[in-house]
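Using the hints, position chain B against chain A.
In order, the protein sequence lines correspond to chains A and B. FYI, the numbering for the first sequence is 1 to 113, going by our numbering. FYI, the numbering for the second sequence is 1 to 114, going by our numbering.
Careful: at least some of the hints might be erroneous.
Derived contacts from chain B toward chain A, CB cut-off under 8 Å, selection only [unchecked claim]:
no. : residue
1   : Y31
2   : K42
3   : S46
4   : K96
5   : A98
6   : N100
7   : K101
8   : L102
9   : F104
10  : G106
None of these hints come from the bench; they were simulated from the model. Cβ coordinates follow ideal geometry from the N, Cα and C atoms, glycine included.
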Amino acid sequence: KAGVTQTPRYLIKTRGQQVTLSCSPISGHRSVSWYQQTPGQGLQFLFEYFSETQRNKGNFPGRFSGRQFSNSRSEMNVSTLELGDSALYLCASSPTRPAYEQYFGPGTRLTVT
Amino acid sequence: KQEVTQIPAALSVPEGENLVLNCSFTDSAIYNLQWFRQDPGKGLTSLLLIQSSQREQTSGRLNASLDKSSGRSTLYIAASQPGDSATYLCAVCMDKAAGNKLTFGGGTRVLVKP
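Pulled out of the complex, with its shape left as it was, chain B reads as follows:
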């Protein structure tokens, strides 16, 4: 059974500092891994998706890496801003037979202080 863990559960950084968010999973036979952002009481916004054959994806200040062999993904957010304050969730999709079922980590709640 796939288990996804995100540590730490909460993180507070001063504005301008780079953010490093970690995600680990127990079963390396994933189809893809997706990072989401969630603002309080809201739905999820997709940030980056990494296919199992890829090592990293970049979008603006965001960069996500994937190391399947060690069961880890890292989300880097450069030069953090107060608007980056939110909960960040990673989710894995297993093989094609699993369809669109995502297994989520518990999330990391980020606070960027001005």
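Isolated chain A (complex conformation):
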């Protein structure tokens, strides 16, 4: 079974631009969660989608948004990028909610210049 895939793996953007990151969960998994990892703040929960509905949201500004499609693939969007948005963005998938276990993708490294 293929694991969680994230595209692109690396991204460089300029302050003020917007970016869209993609996450394809393990086949059959209906829950996708997104996390931001930075050296200063560690791993922080962004949001969770299950069956195309946002079920949970972390403490991030409205510039961070996401969606989930009928095939469970998820995208997250960050508008008006700031330097502080530079981070590793990880997504995790699980078959149910709450899950027995969550499986993480390799992440997308976003650099904002």
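Positioned in the frame of chain A, the structure of chain B alone reads:
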């Protein structure tokens, strides 16, 4: 608000020594606790998951214990190897209403010296 702490932030041991990694959390009403490993610049690999009703879980050289009443979990890695060098993270999932939201500790960076 749940807070998860891992101390120490970094640890260096000679090969063959047993590793003891600590995780503490402030709210004992957890649904489960999961230990992950992260290699530099990579995603997370799940190591062990302990449900709130369990006291410990074992997989190979790894053993994780959970004491909800004291808000602590410990990950033991027996006979450490250089390949065990990585950052180890613990994460808690609160009750069912929290869904799949994980609250992570800051991690312990482990270096096993040959």
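How the hints compare with the structure:
Given hint, Y31 (chain B) at the interface with chain A, holds; its Cβ is 6 Å from that chain's nearest Cβ, closer than 8 Å. Proximity of K42 (chain B) to chain A holds as hinted, the smallest CB-CB distance being about 6 Å (cut-off 8 Å). Satisfaction of the interface hint for S46 (chain B) is found here, the shortest Cβ-Cβ separation to chain A being roughly 6 Å, below the 8 Å cut-off. Hint on K96 (chain B) holds. Least Cβ distance to chain A is approximately 5 Å, under the 8 Å limit.
The beta carbon of A98 (chain B) comes within 7 Å of a beta carbon in chain A, closer than 8 Å, and the hint placing it at the interface holds. Given the 8 Å rule on beta carbons, the hint for N100 (chain B) holds: about 5 Å separates it from the nearest Cβ of chain A. The interface hint given for K101 (chain B) is met, as the beta carbon of that residue sits about 5 Å from the closest beta carbon of chain A, less than 8 Å. Because the smallest distance between the Cβ of L102 (chain B) and any Cβ of chain A comes to about 6 Å, under 8 Å, the interface hint for this residue holds.
A hinted interface residue such as F104 (chain B) counts as satisfied when its beta carbon comes closer than 8 Å to some beta carbon of chain A; here the least separation is about 4 Å, so the hint holds. Taking 8 Å as the C-beta cut-off, the interface hint given for G106 (chain B) holds, the closest approach to chain A being about 5 Å.
Checked against the numbered hints given earlier, this structure breaks none of them.
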